[in-house]
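Participant: Letter by letter, the chains look like this.
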Amino acid sequence: MDFIVGGIVKAFHLLLAGDQETYSAVKATIYVSSLSMLASLVLGIPSGFALGYFSFPGKKALRMVVDTLMALPTVFIGLVVYALISSRGPLGSLGILFSLPGIALGQAILALPVVAALSAMSVESLDSRIRHTLMSFGVSRTRLFFTTIREVRFGLLIAALNAYGRVTTEVGISMMVGGNIKWHTRTITTAIALETGKGMFDTGIALGLILLMIAFAVNLSLSFLRKYE
Amino acid sequence: MTGALFEIRRLVHRYKDRTVLEEEFLDLEAGTITGISGPNGGGKSTLINILGLIVKPFQGTLTFKGEKVEPFSPVARGRIATLTQDASLLSRSVEENVSYGLRAIQHAKDRKARVGSALEAVGLAPSRFLGRSVKALSGGEARRVALAARLALRPDILLLDEPTAHVDEHSNAMIRRAVLHAREAWGTTLLISSHDREWLESISDRTLTVFSGRIFKEERVNILAVPYDYETETHKFGGTVDEFLNPLSCPPPSGCFSAILPASALHLSHDPDGIPADAVRFHSTVSGVFLSNKNKMLYATLLFRDTPLSARITASQAGTITPGQAIYAYYHPSDLSFR
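Residue numbers (the working numbering), protein chains in the order written: chain A, 80 to 308; chain B, 377 to 715.
Treat the hints with caution; some may be incorrect.
Straight-line Cα separation of at most 20 Å, SDA-like style, residue types lysine to any residue; simulated pairs [as the list claims (entries may be wrong)]:
(1) K432/B <-> R222/A
(2) K511/B <-> S207/A
(3) K392/B <-> F133/A
(4) K511/B <-> L304/A
(5) K432/B <-> V451/B
(6) K432/B <-> S219/A
(7) K261/A <-> E100/A
(8) K511/B <-> R232/A
These are computed hints drawn from the structure, not numbers from a lab.
Can you make the complete structure from the sequences, with help from the hints?
Facilitator: Dropping the structure here:
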């Protein structure tokens with residue numbers, strides 16, 4: 080029990096003292112998660128909107144596939160991305176194996192089905208009368224799209240939040256694709272895994288606390304947006 | 377531009393394999409009010425959704441100001457507005473809802489003034505309602521805000537599907553006043569569907585009856601439920617009066633079919649002995665006497681149980697009947713037409 084309490088105390092010390100190694104992992108985490116979230120939102124929101132809004136043959140089957148992809152194991156994604164971007168893989172020429180963009184690619188694949196499926200779900204749950212209501216003003220297709228997006232904004236925020244949660248807490252992709260290289264591709268989660276393995280609980284707890292703080296900050300800003308929107 | 381403001385030609389709309397609306401020819405003249413009545417499921421809302429360019433018809437052409445239009449046509453943007461029966465509000469403030477249409481057509485010039493006057497037209501004080509969230513509105517207020525959003529556009533054509541359904545008396549009166557104001561102030565052409573035939577008759581230049589996917593333009597018509605014998609495949613004219621007019625009195629296996637009876641074929645009599653023997657007769661109550669705006673004919677409105685009916689009457693008959701009076705109504709089965 081003592082080592083846990085001691086770990087928490089040392090964690091605060093590391094954070095307040097601005098430990099370089101700790102902050103390097105934090106920086107790497109924020110960088111890759113921002114990159115992967117940007118990619119997954121840009122691709123996931125329009126595709127999720129289309130999936131929830133339009134009716135087309137095979138929609139149910141496609142929906143089932145996307146829902147299933149939400150549960151993709153991170154180590155499997157890590158394996159696939161590793162195979163794709165390794166020097167023998169089809170994307171080997173990009174040279175992004177053991178780099179932050181490589182991790183971001185894997186994390187985007189992880190987040191994409193989450194964003195798409197949850198966006199589709201919020202569009203589907205939107206009052207079906209909204210489309211008729213908007214068309215009753217004689218709006219253009221573009222405005223119809225953007226107004227509908229605005230009407231489901233909180234659903235989309237929740238989709239993004241869920242995806243962000245998965246991205247920042249995954250270990251498999253960062254470890255396999257990034258290689259957990261100190262000062263370079265070491266993220267918070269891979270650092271926690273490494274430090275715990277070495278018995279360095281204090282660093283692990285410090286990094287865990289930072290992860291919690293990031294999640295708290297994201298949630299806090301979302302609630303602020305909802306309240307003052 | 378020549379011809380009517382809105383022209384509908386060879387319109388057919390299908391839902392799966394079922395034809396739900398069929399009309400060869402319908403014109404809406406500029407500045408007129410057209411009323412639509414008819415039973416639920418007859419095609420009123422489908423007609424309004426098609427004319428409001430919300431639903432694309434299976435077949436047929438719609439011409440607005442001489443140009444063919446369909447959903448999303450730029451020429452109709454902001455010029456044709458529809459208050460659908462199930463119109464909902466956006467999850468924003470009242471002001472944002474009422475100004476939505478104006479912002480959609482990028483009308484910025486007098487947007488604030490238009491929003492304010494539209495709210496006033498429906499009896500909602502802008503100072504109290506502009507900043508209010510739609511979640512804080514009652515059902516009647518929400519309906520009025522939805523109407524104000526259409527009025528703010530000052531459209532050429534305003535289509536209203538049951539604008540006064542499910543609202544309180546006060547909201548009902550405000551909506552009716554605002555609708556008529558739109559025509560007086562901006563010359564808006566109105567097409568209004570309502571179950572309140574007396575109100576429709578009193579404000580409309582003409583009243584259409586939509587029944588079983590067809591539009592009856594020429595005369596007020598009554599829609600009756602007629603027993604049908606599946607064994608002999610005939611309509612049972614020898615049944616009781618209840619069977620003819622009350623669908624609930626037609627249990628399986630007989631069932632009921634709906635039939636049209638023109639108001640001119642429904643006759644009234646104080647004397648039961650004066651009614652022809654082959655006529656179907658029933659006792660009803662007079663609810664009012666009206667002069668049709670369209671054909672300048674006199675009509676008596678009747679109630680048989682809860683079924684409202686109309687009978688064309690002569691001027692001399694009008695002097696002998698008063699609202700609340702019990703009277704015999706009768707018709708000849710051969711005057712019924714089935715669809």
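Participant: A separate judgement is required for each hint: does it hold in the structure or not?
Facilitator: Hint check:
no. : hint              : in the structure
1   : K432/B <-> R222/A : holds (19 Å)
2   : K511/B <-> S207/A : holds (18 Å)
3   : K392/B <-> F133/A : holds (18 Å)
4   : K511/B <-> L304/A : holds (18 Å)
5   : K432/B <-> V451/B : holds (16 Å)
6   : K432/B <-> S219/A : holds (15 Å)
7   : K261/A <-> E100/A : holds (8 Å)
8   : K511/B <-> R232/A : holds (17 Å)
Of the numbered hints stated above, none is contradicted by the structure.
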